[in-house]
Amino acid sequence: MPAYVHINLRIIDPAKQAALAPRFQAALQEAGGRILYFGRVAQVLEGDDLPLPMAGVLEFPTLAQALAFYDSEAYAPIKADRREAQQATMFVVETA
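When we follow this note's numbering, the leftmost residue of the sequence shown carries the number 490, and every step to the right adds one.
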């Protein structure tokens, strides 16, 4: 069953973000994932907490593949750089 990683973020270092984007995309593709959306939050529909201005949705064939990517040696240095480039909240869901 497919799994979807959702990320809500604010870019805090545009130069670092630009440098890590191609590395992230290559590692994601190698792990079997793909970007469904990455861009601005269009509109808040419900809730009092304002989201960060950017959002992304990543798709993986399975939850196991999504978690394996997140915990992988290939993603570890990208993750460290991402944390310097972005303020973010991330979670994963699995479809039934």
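Read the hints as simulated data drawn from the structure, not as lab findings.
Note that this is a predicted model, so its numbers are computed, not measured.
Beta carbons: idealized from backbone N, C-alpha and C, even for Gly.
Treat the hints with care, as some may be off.
Unchecked claim - Computed spacing ranges between beta-carbons, pair by pair:
id : residue 1 : residue 2 : range
1  : D537      : P511      : 33 to 41 Å
2  : G536      : E562      : 30 to 38 Å
3  : D560      : D537      : 16 to 24 Å
4  : A504      : T551      : 28 to 36 Å
5  : P566      : H495      : 31 to 39 Å
6  : F527      : A553      : 22 to 30 Å
7  : G536      : I501      : 16 to 24 Å
8  : K505      : A563      : 13 to 21 Å
9  : A563      : H495      : 28 to 36 Å
10 : E535      : P566      : 19 to 27 Å
Verification of the supplied hints:
A C-beta distance of roughly 37 Å is found between D537 and P511, which places it inside the suggested range of 33 to 41 Å. Between G536 and E562 the CB atoms are about 37 Å apart, so this pair conforms to the stated range of 30 to 38 Å. Range check, D560 to D537: Cβ separation about 33 Å, and the 16 to 24 Å hint is violated. The given range of 28 to 36 Å is respected by A504 and T551, whose C-beta atoms sit roughly 34 Å from each other.
One distance hint, 31 to 39 Å for the beta-carbon pair P566 and H495, is violated here, with the actual separation near 23 Å. Taking 22 to 30 Å as the suggested C-beta distance range, the pair F527 and A553 conforms, at roughly 23 Å. Between G536 and I501 the beta carbons are some 23 Å apart, a value that agrees with the proposed interval 16 to 24 Å. Separated by about 18 Å at the C-beta atoms, K505 and A563 satisfy the suggested range of 13 to 21 Å.
Between A563 and H495 the beta carbon distance is about 21 Å. The supplied range of 28 to 36 Å is therefore violated. The hint said 19 to 27 Å for the Cβ distance between E535 and P566, and at roughly 37 Å that hint is violated.
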